[in-house]
Structure formats: C-alpha cells, structure tokens
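Novice: Residue-level listing of the chains:
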Amino acid sequence: MLAAALVVLACAALLGFALLTFALRRKHVPKGVALLHGAFAATGIVLLIIDWIVAPRAPRGTTLLFIIAAIGGAVVFAKDLKEGSAPLALASVHGLLAIIAFALLLGFFLTQ
Amino acid sequence: MRSIWKAAAQCNPRAPLTRDLTVDVAIVGGGITGLMCAHALAYDGLKVAVLEARRIGEGSTGNSTGNLYALVGERPRRIERSHAETVLNARAEAVDRIEALVRALDIDCGWVRCPWVVYTHSTQPTKALLQAEDLARAGRLHARPTSVPLPVSAGLAFAVENQAQFNPLRFVHGLAASLPCEIYEGTPVTALDDERCRVHTPAGIVDARYVVLASHAPKGMLALHGEMEPYREYGAAARLAREALPPGIFWSLDEPYRSIRGYSYDNANHVVVVGESHWVGRIDDTRVCYAELEAFVRNHFGTDAIAYRWSAQNYRAADGLPYVGRLHPDSRVLVATGFGADGLTYGAVSAHMLSDVIAERPNPMLRLLDPSRLPHARALPGIMAEGVAVLKQFARDIPWIDRGDPTSLAPGEAKVFDRSGEKIAAFRNDRGELEMVSAVCTHMQCIVRWNTAERTWDCPCHGSRFEPGGRVIEGPAWHDLPARPATPE
Numbered sequence: 001m002l003a004a005a006l007v008v009l010a011c012a013a014l015l016g017f018a019l020l021t022f023a024l025r026r027k028h029v030p031k032g033v034a035l036l037h038g039a040f041a042a043t044g045i046v047l048l049i050i051d052w053i054v055a056p057r058a059p060r061g062t063t064l065l066f067i068i069a070a071i072g073g074a075v076v077f078a079k080d081l082k083e084g085s086a087p088l089a090l091a092s093v094h095g096l097l098a099i100i101a102f103a104l105l106l107g108f109f110l111t112q
Numbered sequence: 001m002r003s004i005w006k007a008a009a010q011c012n013p014r015a016p017l018t019r020d021l022t023v024d025v026a027i028v029g030g031g032i033t034g035l036m037c038a039h040a041l042a043y044d045g046l047k048v049a050v051l052e053a054r055r056i057g058e059g060s061t062g063n064s065t066g067n068l069y070a071l072v073g074e075r076p077r078r079i080e081r082s083h084a085e086t087v088l089n090a091r092a093e094a095v096d097r098i099e100a101l102v103r104a105l106d107i108d109c110g111w112v113r114c115p116w117v118v119y120t121h122s123t124q125p126t127k128a129l130l131q132a133e134d135l136a137r138a139g140r141l142h143a144r145p146t147s148v149p150l151p152v153s154a155g156l157a158f159a160v161e162n163q164a165q166f167n168p169l170r171f172v173h174g175l176a177a178s179l180p181c182e183i184y185e186g187t188p189v190t191a192l193d194d195e196r197c198r199v200h201t202p203a204g205i206v207d208a209r210y211v212v213l214a215s216h217a218p219k220g221m222l223a224l225h226g227e228m229e230p231y232r233e234y235g236a237a238a239r240l241a242r243e244a245l246p247p248g249i250f251w252s253l254d255e256p257y258r259s260i261r262g263y264s265y266d267n268a269n270h271v272v273v274v275g276e277s278h279w280v281g282r283i284d285d286t287r288v289c290y291a292e293l294e295a296f297v298r299n300h301f302g303t304d305a306i307a308y309r310w311s312a313q314n315y316r317a318a319d320g321l322p323y324v325g326r327l328h329p330d331s332r333v334l335v336a337t338g339f340g341a342d343g344l345t346y347g348a349v350s351a352h353m354l355s356d357v358i359a360e361r362p363n364p365m366l367r368l369l370d371p372s373r374l375p376h377a378r379a380l381p382g383i384m385a386e387g388v389a390v391l392k393q394f395a396r397d398i399p400w401i402d403r404g405d406p407t408s409l410a411p412g413e414a415k416v417f418d419r420s421g422e423k424i425a426a427f428r429n430d431r432g433e434l435e436m437v438s439a440v441c442t443h444m445q446c447i448v449r450w451n452t453a454e455r456t457w458d459c460p461c462h463g464s465r466f467e468p469g470g471r472v473i474e475g476p477a478w479h480d481l482p483a484r485p486a487t488p489e
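Residue numbers (the working numbering), protein chains in the order written: chain G, 1 to 112; chain F, 1 to 489.
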C-alpha cells in the first residue's frame, strides 16, 4: 500500500513542480495538469488513509501533513480560478509541506 | 449575419457615457429586461441610467424569435407543478404589460395576438407533448387540440390562444424613445463594486443606490454560473413566394426541435425558423446548424431565399426557473438571468419583479425565483453534470500539445495552438492578417474554441464569447482576451 502511495505521490510531485514553474513565471497555470496533479495526490492520500486503517503501524503524522498540504492545494486552485493567477506564497507553502511529507513518507518506507 | 428584426428596425445611435454619474438605479444591459425595468422605475420617479455595451436591443432581444407566451418551452418537466400557476400567470401578465406599452406608446412593432401551437410528428402522444399539456393544465391554461396550418408533418397538436408576436427590436426602440431616463450605448461595464454599488465603464463611473444586471448572463464569477448551462440557438428567415403564414407560434416538440412563425417585411412574406440549439463552444462546426435550418426551410417551405441568419445565446437554469432578485440576500445588486429560450416574456416578468424589489413592493414571484434559492433535488443531476462538463474542459488544458504553425492558416481559418506552453488563439482575417490572442478565457480560464459560423472565440464552460481580436461580446467574462504577438517574444 505504502509503495503504491509513494509512486502516485511521486507522480503528483513531478506534476506539482511543473505547475510551480508556470506559476513562478507568472504564466497561465494549465488546468489539465493541475487536475491531474490533484487526482494523483488525492489517490495517494486515499491509499495512505487505507493504510492508516488497515496497517498496525502507519505514518499517521505524515498522512495528516499530506491532508493539510492538499487543503492548501485546493485553496491555491480556487484562488487561481477566481483571481486569474495562483497565489505564489501559498503555492510555495503547499509545495514545501508536500515535499516534507513526501520525504517523511520515504524515510518511513525505507526504515520499515 | 443579422436577424430579420434588425433589418426591420432602424434607430439612431446614442452617445456613450463620458463622465461620472450618480443615479438611483444603474441598469446594465439595454434589452427588453433592462428597458422595461427602466420604464417601470422611471415612472416610479427614480433617476435611472441604462448602460448598453453595444446598441439597444442588439443582444439577445434583437436575436430572439419575437414570440411571447405564457407557457414555457424550457424544461417544463423540471418545473414544480405547485409553482406552475404562479409562473404562468406572471408570464401571461407580462405579455399583457407589453401589449399595454405597445398601445400606450403607439409602438409600431407588428404586435399581433395569436395562438401558441405545439405539435409532434407522431400521431401518438409523446413524452414532451404530455409534459407540455401537463404544465398547461397545472397552470390553468386552456389547451385545445388543433391542427397545424403549415406544410410540416404534424401528428398531434394542441393550442393555447391569445399569446402574441411582435418585432422585439422595434418594441425596445420604441420603448427607449419614450423613456425619461439616460441611455448610453457603446458603454460596456468593465467592473462592478458590489459593496459600494458602483459600476465602472471605460470613460466614467456610475454610483447608484441599486445596480440591475440585465445583461442576460451576469458578469463575474458567481455560483449562479454553476447552475446554468449556456446554449446557442440559430435562426433563419426566408422569403416566401406565396401568402403569409397564419399568425401563430408553432413549435415541434420532437427532435430536431423547431420554432416557426411568419413575419412580413419589405413587401415580402417570410418564414422564420429557429432551432439547432447546442451548448456554447461544444460543437466542431457551427455552420452545420445554419445548413440544417436552411435544409428544413427548403424541404418544407420550398424556398432557398434565405434572407437573414442569426443566432442568440440563452442560459438554462438547472431547475427550469430563472434567477431574479438580489444577487445575495442583502445585496443592492439585482440580477435577472437563466431565462432559457423563453427570454422575452421572462424579461418582462423580471423587469416588473426588479422594480418591485427597488420600490419595496411585495411580489409573490420574488421568493420563487430568488437567485440564492437552494437548488431543488431534481436539479442536482443537472448541476453535477454541468460541474463535470466544466472539469472536462479544464482537462483539455494541457501544455505542449496542439503544436502548430499559425502562419499556415488560410484567410478565415482559426486554431488554438501551443506556444511555449501557452495556448494561443489565432485567426487569419480576410485581409490576410493574423489576429492572435490568449486562448484562456478571462472568466474561469477554460480554453476557448472557434465558432466557425460566427467567427468568434467561444468559451465552452460558461459561455463567454469574444471577437477574433479578443474583445468581449457577451457572457460572464469582464475582460477581453489579451493580445499576443504574432511571433514569440
């Protein structure tokens, strides 16, 4: 379960980096990529939640961090739609949280 | 392309707004809704200014069918039967109010009372016919079986008497000429300050106690747009080499849906046919819509003399009822939208309702059509489908695909292509010049699509439309599509 979560979250991270490059250049953030990023991230979080439920030892703090990052991502998406450009500060915080969570998850997986 | 109503209605242009203004009510949109509302408010003694982006009546009013009727054609199945009598009464009263204005102001608009006839091709009652009959019954309208006096294949039909037809553009021109208020043409509203009740135009700011958004689709990003579907519908008028069609509004309820009426103008009798509706921006070649209408005219009325072609946009509410009233419960911004294809009559209904809001008069329709109302359960599938459809459009926005070379476009051709990850909408005009703008709609960032028949960029999400050069034509977008250089910077 964790391995699958790591793979889809890694895909989400790659797409997230791509989105950030558009946002940093103040270019239109492609919504197709944003939706795909969101879909991968949501799938990864669902897998982590399932792991939380079924596994005796699960990365629960990391899962919570991912959920907080996901809420931030949803706000970035909504603000981008409403205001025409992604809020850079919030997008950066969202990305940073996700990277930290991903690193923690990878560490947890490798030390299992 | 222009409608037969525009051909038959001439009016001197009015000056745009060039200064700041303070009024009691600023009305955005100079169609039937805005002008009838202005009329009611001006006669309540209020100072009113009408701001029209183009010319009076040039939007949906001047591109409509010119039919007025109590029953609704739009989604009769979705209208709660307990509301039918209230809604249909209000619509019948609105038709009476228009007639009273035509007579009081002596407006030469070809006003005629006539029957509203719906028919099916089948001799068996179809679902659509039964729904229309059921709604008429619930609204206590007398519907009688009838025959259809047109060269179309009609099986079953029923008629409701005492409906009406006119030239809608001549009506609004006549109404505008009589109004004791300021009317500005060529004055698009570029921003709205909801809190201060202030509208911005290119050359002046208007402060008001109330702002009425009578521009069909309210501007800006509103939850309402998630509850409405934008449709385009096409019209054609052909000269007949015979006597005029009998007065009447004739609707075929079977697919392909057609609305048929006659109109005499310029010493010729015409048949007017409307149909081929589709969600804005979601078909590949809109020229097919005109071709289908023209084939219908040719096959049934034996004429190729298509003299006028036009199209119009309408917004269909998920629960079948329009949204009329305050934008939010405490807002001084009022809206009237979601009329579907029943807009002329609903426009008159809305004008009356909005003037009642401002004059603080009770109106039983206000609660029913409240823009903040919770959607009825039977509207939820439609709202969800609309949401999914918008997401699908977002999913089309992938960079680095749609590669192409705009210089290969022939005159009259257009394409969305990718340049360095950015979607560009390119059109080569008849002079051979490339017009390039961002393909990202300024409303909610969907990617626009080319409308081949009308040569416009149309947004498939919420129906904003833009000229090839990017200027907003209609829809919820405030801002033009920004221009892009023909060569990368």
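By construction, these hints were calculated from the structure, which means they are not laboratory data. Just so you know, not all the hints are guaranteed correct.
If you want the footprint, here are the derived chain G segments under chain F, 3+ residues with CB under 8 Å [said to hold, decoys possible]:
1. 29-35
2. 93-99
For each label pair, taking beta carbons as the anchor points, the in silico distance ranges come out as [unchecked claim]:
3. Gly84(G) / Glu99(F): 38 to 48 Å
4. Arg471(F) / Ile50(G): 44 to 54 Å
5. Lys79(G) / Arg298(F): 18 to 28 Å
6. Ala385(F) / Leu96(G): 45 to 55 Å
7. Ile50(G) / Pro364(F): 45 to 55 Å
8. Thr190(F) / Ala39(G): 29 to 39 Å
9. Gly84(G) / Arg403(F): 22 to 32 Å
10. Ile67(G) / Arg282(F): 46 to 56 Å
11. Ser147(F) / Lys79(G): 57 to 67 Å
Only some residues are given here: those of chain F computed to face chain G with a beta carbon under 10 Å [said to hold, decoys possible]:
12. Arg14
13. Asp20
14. Leu130
15. Gly421
16. Ser438
17. Gln445
18. His479
Beta carbons: idealized from backbone N, C-alpha and C, even for Gly.
Novice: None of the hints should be skipped; say for each whether it holds.
Specialist: Here is what the structure says about each hint:
{"no.": "1", "hint": "29-35", "result": "holds (count 6)"}
{"no.": "2", "hint": "93-99", "result": "violated (count 0)"}
{"no.": "3", "hint": "Gly84(G) / Glu99(F): 38 to 48 Å", "result": "holds (46 Å)"}
{"no.": "4", "hint": "Arg471(F) / Ile50(G): 44 to 54 Å", "result": "holds (51 Å)"}
{"no.": "5", "hint": "Lys79(G) / Arg298(F): 18 to 28 Å", "result": "violated (53 Å)"}
{"no.": "6", "hint": "Ala385(F) / Leu96(G): 45 to 55 Å", "result": "violated (37 Å)"}
{"no.": "7", "hint": "Ile50(G) / Pro364(F): 45 to 55 Å", "result": "holds (53 Å)"}
{"no.": "8", "hint": "Thr190(F) / Ala39(G): 29 to 39 Å", "result": "holds (36 Å)"}
{"no.": "9", "hint": "Gly84(G) / Arg403(F): 22 to 32 Å", "result": "holds (25 Å)"}
{"no.": "10", "hint": "Ile67(G) / Arg282(F): 46 to 56 Å", "result": "violated (36 Å)"}
{"no.": "11", "hint": "Ser147(F) / Lys79(G): 57 to 67 Å", "result": "holds (60 Å)"}
{"no.": "12", "hint": "Arg14", "result": "violated (33 Å)"}
{"no.": "13", "hint": "Asp20", "result": "violated (27 Å)"}
{"no.": "14", "hint": "Leu130", "result": "violated (41 Å)"}
{"no.": "15", "hint": "Gly421", "result": "holds (7 Å)"}
{"no.": "16", "hint": "Ser438", "result": "holds (7 Å)"}
{"no.": "17", "hint": "Gln445", "result": "holds (6 Å)"}
{"no.": "18", "hint": "His479", "result": "holds (9 Å)"}
In summary, the numbered hints that this structure violates are 2, 5, 6, 10, 12, 13 and 14.
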